[in-house]
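A.B. asks: What follows is each chain in one-letter form.
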Amino acid sequence: MNQMLLRAGLLSLAACFRVIAAAPLPAEHLTVTAMPPVNAHRIYIVDEAFNNEIDARVHVFDGDTFRRLGQLDAGYYPTYNLSPDGKTSAIGTSYFARGGHGARTDVVEFADNQTLALTHEIILPPKRAHTLPTPFGLAYSADGRFVYVAYVTPAASFGVLDPAKATVLGEIDTAGCVLVIPSGPNRVSSICESGKLLTVTLDEKGNEASRAFSDAFFDPDADPVFVQGIPMSGGYAFVSFLGDVHEVDFTGAQPLLRKPWPLVTGADKGRWRPGGTQPGAISSPMHRLYVSMHQGGEGSHKNAGTEIWVFDTVSHQRIARWPMRAHKLSDVLALQVSQDEAPLLFAATNQADLAVFDALTGQLRHIEPKMGQTPWFMHNP
Amino acid sequence: MNQMLLRAGLLSLAACFRVIAAAPLPAEHLTVTAMPPVNAHRIYIVDEAFNNEIDARVHVFDGDTFRRLGQLDAGYYPTYNLSPDGKTSAIGTSYFARGGHGARTDVVEFADNQTLALTHEIILPPKRAHTLPTPFGLAYSADGRFVYVAYVTPAASFGVLDPAKATVLGEIDTAGCVLVIPSGPNRVSSICESGKLLTVTLDEKGNEASRAFSDAFFDPDADPVFVQGIPMSGGYAFVSFLGDVHEVDFTGAQPLLRKPWPLVTGADKGRWRPGGTQPGAISSPMHRLYVSMHQGGEGSHKNAGTEIWVFDTVSHQRIARWPMRAHKLSDVLALQVSQDEAPLLFAATNQADLAVFDALTGQLRHIEPKMGQTPWFMHNP
Amino acid sequence: MHSIDRLFEKSSRALAQRTSRRSLLAAFGQLLTGAVLIPLLPMDRSARAATPGAKSARDDPQSCDYWKYCAIDGFLCACCGGSSTSCPPGTAPSPITWIGTCHNPGDKRDYIVSYNDCCGKVSCGTCECNRNEREKPMYRPSRNNDLNWCMANADANYHCSVSVLLGVAEQ
Amino acid sequence: MHSIDRLFEKSSRALAQRTSRRSLLAAFGQLLTGAVLIPLLPMDRSARAATPGAKSARDDPQSCDYWKYCAIDGFLCACCGGSSTSCPPGTAPSPITWIGTCHNPGDKRDYIVSYNDCCGKVSCGTCECNRNEREKPMYRPSRNNDLNWCMANADANYHCSVSVLLGVAEQ
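Protein chains in written order, with the working numbering: chain A, 1 to 381; chain R, 382 to 762; chain F, 763 to 933; chain P, 934 to 1104.
Some hints here could point you the wrong way.
[As the list claims (entries may be wrong)] Straight line, CA to CA, 27 Å or less: simulated DSS-like cross-link-like pairs of lysine-lysine: (1) A:165 with A:127; (2) A:269 with A:165; (3) A:370 with R:709; (4) R:709 with R:640; (5) A:328 with R:751; (6) A:370 with R:751; (7) R:640 with R:650; (8) R:640 with R:586; (9) R:468 with R:546.
FYI, nobody ran anything at the bench for these hints, they're computed from the structure.
Produce the complete structure using the sequences and hints provided.
C.D. replies: What follows is the structure, encoded as structure tokens:
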């Protein structure tokens, strides 16, 4: 018994001694964090901040480490895109001299994605389209030489910018067709009310060289397409409200309209629909299309999806249905997928959660809560 | 039976006829709503919008009809006050040329409380104190001739403004003492680190005529006071972290420091504490002090209150304890009371609910959910 | 056709204030030529109101289920100091609008509704409402509610949305 | 006294960049004269951490319960792309700070902590943390966390807060 007490006493003494004798923690030094190198699993999330709309942001998130990497200010009704090399963020936005009132300044701000510091800006005429995020509010030419910005006043046109020289080169009227779908080094297509595409070809200086209309590639009365076109190899896929996939090949001088194919067949047609603020994403290397689907009728096209449906873009067969409630996730407003061979699928919900899935298996990897206020669109390299 | 059927048939026919024959609804006309006249139960709620801090607002709410009357933009880290006649809102704030970055403009904007339209502004040097709302970030002289704005760079001073001429008259160094407590037509007091008050008397032109320090009216080491002083007849009451009430009479040429009296006595001392962003409010006509109280220790002074305690400001006796959980309300961050003989008590919670109570009985009249994002301070006429 | 005439007159007058004649014709040609009658007067009403709100909500201007709000995606001015047809104090109505066609269950008629934004203050943030019956993407701007219709105002900041009955959608 | 010296040097250097000598002496006289030792080294530790977090949270830089954060009222930079001592990419540290004294349960020592704000982007909005041990109102600015310590930065917008150990709070 005495021995036990002695041992206990010695142990206590040793513990005390260790604490007392250990050197105090050294002084720390304040630093600024360096960004990790860009990788295929980095994602840029446009938070419209709908309740505080002058304070939109872009959150930068790493799908491997599940870390928030940083943030970019995005102003009011922003439009966002990455440069073709992924090194630059371009944020088209509007500011007011007094927060929510006062003189309006439309501007494209450029940030270095390796530092998240702003590098320069180009002031626009106050005509920038104020609308929800699409891939086509601001876009780079394939060679990065031009930046195009969609204008709506409500007259529709677009600005041609030189990002290297930080100047506005000019403005091109689009006869009521909207948005800027870039192709090649010098072509811009816009979507017309009639369902046609207007394609303007630019000269060396960014002026209009020629223009041409395509045939209508969808029926805007019977079944309009979402303007959130989905990048795919050589072009974009436009999903319609009822779930037809209209692929457009933009590799040639004029858009090539492929035969549409359906996501929904039989009795499900018109009952299950795509929806949300970014309804679909395509993994080009893996030939997969992911679409956020819900059950609803006319007017439900902005509804978030209760399931993600997965399709083979070659066979057009549905491969999987992934119900979100299996993961206790709320419904999905926006989808994006990484463009590598081990793809991650990102899903932003109407509760502002960001879910990260293995895009091949559907396995849930992570849920990042409260990814801003209203994360409505996602971009990745 | 036949008669029954006939009657039913006639009824159906009548119903059809009514629907078919009724004139369609007339075309409507778009208008702008006029504000109801100012009354004692109107309240101005400063929403710091802490998650979107460049987008603070002031919500205007009617405690009688429970209607939101409108909103004022309030920018970044605003300071707010009403003119002595209640007709004007003065919003001291800061804007950046690019939302959250770029050139900073400090400004006082004035709005007509009968229209909620801005009337004019005064641009300040970029020195305005960026801190949480208090009654003393911006204040009017009693006659409305001067407006004072607290500066911290972190050097402390204040600006003297002429709201009628929309000019900055000058700046007065306050030797490290902060905020602007107005009294009479030409005196400004500031709170010093030592617990003293510095009182600067102005001349006709708003320049310093004289200055004097009071004795210390509290001990900033042992028991600091909240800077959210509570207006009362002839002066302000400052509640301390441990719950002593330090009343200061500002009617004379120099502040008169009254003997402090305790909110908390006996075993409760140090256990029950006042707290929040606006811990108390006084009804001068009814001689009542309302304080938001919680159980906590050192460092809990920003905790929201689980109870509202009611005191008689003459007898210093506690009259009532009103637990918030009885109303399923979350804890209270800010308190304000109307200055009429049928007073309403307004309580803003840490869940952004605004509760309206009968201030005499504690009866809950209304809960207005989601009164902005972070409603941290309230003003009323 | 009285109400339709009013619609055309109102829309074209408002647009004319802000756009060149050429752009106007290009962007909204259909609205001015009468081809608009088809989208304005859809025949298919079977899909309407899959889950209709309770009667009280359908008649409550502070409820998103209010029948007039069938194509509002934004904040209801009726919760922001205004009403279903009135902008809150200190804000300015947008002169340009988008258009909806809503069914009034009270008299079983379809009405053409002008949705105006109220502008010049930061977003109201209360009573968010997202309904999109017959709403179309922005390539059909007169039917699109994602555009900031405050775009052409002196103060282009969006605060909230109202609904203004223009007349019966006659067939 | 090494760490205290560092504190004085750092604070006075930072302040001197932005304030006139006179204002500096007026506002922060106590900090420079040594009278600061009393508020910096409070004797009463009995009230500390009435409800201490779990050990893991106390050591987790992304948790508000992290022991170093005892006087942060704001967003934790460790959740915003930075760390407990590092500002997120693209932001700038504030050269002026407020000071806390936090108890490290790991070695049972009290440390003096400099809380710097990271500036130049809109609020991070993640990991809001509101702790106020020994925090004082703004009439004692060196101990106040309600002031925007980005106030003197070229871009004065507050993004998040870090905690930087300056040294042991010796008695």
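A.B. asks: What are the numbers of the hints the structure violates, in ascending order?
C.D. replies: Those not satisfied are hints 2, 4 and 8.
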